[in-house]
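J.: The listed protein sequences derive, respectively, from chains V and Z. Just so you know, our numbering puts 318 at position 318 of the first sequence, and the rest follows in order with no gaps. Just so you know, our numbering puts 282 at position 282 of the second sequence, and the rest follows in order with no gaps.
It is worth saying that the hints were derived from the structure and are not from the lab. Mixed in with the good hints there might be a few duds.
Just so you know, same-sequence chains aren't split out, so a pair can sit in one copy or run between any two.
Here are the simulated lysine-lysine pairs, DSSO-like style, with alpha carbons at most 27 Å apart [to be verified]:
| id | residue 1 | residue 2 |
| --- | --- | --- |
| 1 | 290 | 24 |
| 2 | 24 | 427 |
| 3 | 39 | 427 |
| 4 | 240 | 435 |
| 5 | 435 | 24 |
| 6 | 290 | 39 |
| 7 | 240 | 290 |
| 8 | 427 | 405 |
There are 2 protein chains.
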Amino acid sequence: MNILISNGIILPMDVSLGNELYFKGYVGIEGERIAFVSKDRAVAEDFYARHTPDCMLIDASDNVVMPGLINTHTHVAMALLRGISDDVPLMEWLEQHIWPIEARMGYQEVFDGARLGILEMLMGGTTTFVDMYPYEEAVAQAAESAGIRALVTPCPMDFRMEHFENDWRQVQKRFSDSRLVTMWMGPHAIYTLSEKNLQRSISLSRELGTGSHVHLAETQSEQDNCMAQHGMSPTEYLEKQGLFSTKTLAAHCVVMSDHDIEILARNGVSVAHNPQSNMKLASGIAPVRKMLDAGVNVSIGTDGASSNNDLDMWEEMRTASLLQKVSTMDPCATPAYTALQMATVNGAKAIGREGELGVLQAGAFADILLVDIEKPHLYPHTNLISELVYSTHASDVDTVIVNGKIVVENRRCLTMNAQEVCQTAQKHIDALLSK
Amino acid sequence: MNILISNGIILPMDVSLGNELYFKGYVGIEGERIAFVSKDRAVAEDFYARHTPDCMLIDASDNVVMPGLINTHTHVAMALLRGISDDVPLMEWLEQHIWPIEARMGYQEVFDGARLGILEMLMGGTTTFVDMYPYEEAVAQAAESAGIRALVTPCPMDFRMEHFENDWRQVQKRFSDSRLVTMWMGPHAIYTLSEKNLQRSISLSRELGTGSHVHLAETQSEQDNCMAQHGMSPTEYLEKQGLFSTKTLAAHCVVMSDHDIEILARNGVSVAHNPQSNMKLASGIAPVRKMLDAGVNVSIGTDGASSNNDLDMWEEMRTASLLQKVSTMDPCATPAYTALQMATVNGAKAIGREGELGVLQAGAFADILLVDIEKPHLYPHTNLISELVYSTHASDVDTVIVNGKIVVENRRCLTMNAQEVCQTAQKHIDALLSK
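Pulled out of the complex, with its shape left as it was, chain V reads as follows:
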């Protein structure tokens, strides 16, 4: 299947194009990949002629055409737990509400919870997400069937290491040919894994050549406990353990010294910044500006829907920008285009897919959004970048293409029955809460 997107405002997020951030133009898709991005009508007409009759035409007038958003940290199945516990202290939240329910969740709950979260993400323009959760096969299955790209990681913790290695090897193998799903290792955090189990996770990553997705330095108590136990910060501890010898994506990185930041930069560790979750759980404010200045690749995640409470990357971009401004008392900190980079190209880099995802250029995978900017809250049009970061809503996303396939059209998801997905999730949570 080939697609020609015409007459849109193209926002390629392509640094090689220099200062011309957007322009009127055309995008051609051949199969899974972008064939060309061009201002030139003749190029588009030639592409269309060559592929007729097997070329779909999308009129993108009044739409911004941009790379799909990359959510680099979530627990997508936790969409099922949205709203079950809010406005309570972190440990009460985890121990009295989240963990007891999670303990009752099985494959089916994770699968259907993931479908709900994926539906929300696709409709809001997220085309790739990075997950960490038990029953990782259910998450992978849900992603593949819904047509969203995913980097799925399991969630080893000390209390569920049994059978873990063999199971995960099998799952990893099962998805090795997937066009959409990649598997990494997901050592949960330093406070849930003994040194021995952390080492098992690192060995497994090395053996299978995968990266690692880890929670890091989310709270002051994680920092304090690590100092008391190991005499060093969580970042120093993970470096010493050798985790960063695998390609690492570290979520949160809220409590960070300059030395910690220097370690991330030196090891090429990417960060998934989760501003709304960090605010809601009162974890703190990650030093994003400092990390970017130090050369750390910072991307954006929503975290799970039960600590956010949505999977909306537009809000997350906006909050990332606004929160840095106020926390550094510098209105120039993390300007709008930087926020867009964090949600696209930086996300791609974080998962080792630079040049393949998060960008519109020939050869990249066709993960593309059409954003309808004919809305009162986006008028007047004077600065597209500002519009997208400071005013655009998930509901302004009109069309979503993943891997060359249209998955959302005219604000309707083509790969899932929204009503059925919602009702199924409702049944699960009603049953879980009544147990």
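For this one, chain V is given, so just place chain Z on it according to the hints.
T.: Here is chain Z on its own, set in the frame of chain V:
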């Protein structure tokens, strides 16, 4: 005209009902006001029978029925300036971008800018706004013709005091019979008004029996300059000047000592908290939790769209809650219901309309929203209050009633032609920027 809203989930924001925050039920509207709010089907049937055939029926199944949101601080016409300058230091923003363009705006630009902002607000469920801007008559006119409720204040500053008093008296008189528009005085700020002109504003408020809407303690430099000039804080200075002898709504209140907070509480001064604008301009974080604890009535405003960049009260509620949590490092600070109160009942109290607005109860004005909660990002339904504050978008608002009249239906504004409003705004800004 009478309306019966049936089968909705009613969220009355009515403290007299105690802990039952919401319930399935009915709302009857007679003319401008709410006739009843009830769980009882028989009450609804009787109402309908008494008013047939002159009773419209709205089926609110799958919808939350709640009071319209009250935006207590904006400069609505600045919707015209959305995006013209972002990510720059505050003084550069004002002096090089905003003020030069504002100097070229006249009645028509303010009127059409206000229409754009009002369109966005109505479609997102804001039914009352508090404004401060020159050409206040244009704002009032725009509000009345669009069918939104407004408290409009002019914006006296030293450099445009000429003719001010006479002009404003006339405007105030002209709208004295309006069903939707109320006029207050709007002394801009201590740093734009001499003592003499501030006194003229206070005298005028006293003479005409209006309240005052003022910018207060927005930045550290305002605080520092006031200390240097008057040897006291802006709040202390305004108390000494006698402003608080008029009913006062103070916007921002970011840089506040405990003594300042005590002054607001003692004088019954209400606060309009503008979290996104304060973040974007790097002004700081208002001590909302402290002010609420001290008994200060804190409401929510969006500020103008050029420092936000939208007029979305849902985001503003969410940000208000999340920002207090992270700034106090307390996940229990400003819980969801408190944020809802700030955007409804507290807003009504801030403008002296307690019991009349921001609440669904018999006798109150019929300013009512239907929010469609059949959306993936709002599923599953476990906690309606969390859903509304942490996950609901402006685009989930389906129907909006102001003063008993339906102004938005099925996400379409009935009182304005959206396309025409947007295009007119575009023409104005294009002309202003090309001058």
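J.: Evaluate residue 240 and residue 290 at a C-alpha cut-off of 27 Å and name the case that applies: within, between, both or neither.
T.: Answer is within: at 23 Å inside a copy they meet the 27 Å cutoff, but 43 Å across does not.
J.: Is it within, between, both or neither when you check residue 240 against residue 435 at 27 Å Cα-Cα?
T.: The answer is neither: 43 Å in one copy and 61 Å across copies each exceed 27 Å.
J.: Between residue 290 and residue 39, at a C-alpha cutoff of 27 Å, which is it: within one copy, between copies, both, or neither?
T.: Neither: 37 Å inside a chain and 55 Å across chains, both beyond 27 Å.
J.: Between the shortest in-copy and the shortest cross-copy C-alpha distance, which are at most 27 Å for residue 435 and residue 24: within, between, both, or neither?
T.: between (56 Å within a copy, 25 Å between copies)
J.: Please sort residue 39 with residue 427 into within, between, both or neither, judging by C-alpha distance up to 27 Å.
T.: between (49 Å within a copy, 26 Å between copies)
J.: Could you figure out if residue 427 and residue 405 sit no more than 27 Å apart (CA to CA) within one copy, between two copies, both or neither?
T.: So residue 427 and residue 405 fail the 27 Å test inside a copy (31 Å) and across (38 Å) alike.
J.: What label fits residue 290 with residue 24 when the C-alpha limit is 27 Å: within, between, both, or neither?
T.: neither (35 Å within a copy, 50 Å between copies)
J.: If the cutoff is 27 Å on CA atoms, where do residue 24 and residue 427 land: within, between, both or neither? Let me know, please.
T.: Cα proximity of residue 24 and residue 427: across copies only (20 Å, versus 46 Å in one copy).
Hint compliance for this structure: hints 1, 4, 6, 8 are broken, all remaining hints hold.
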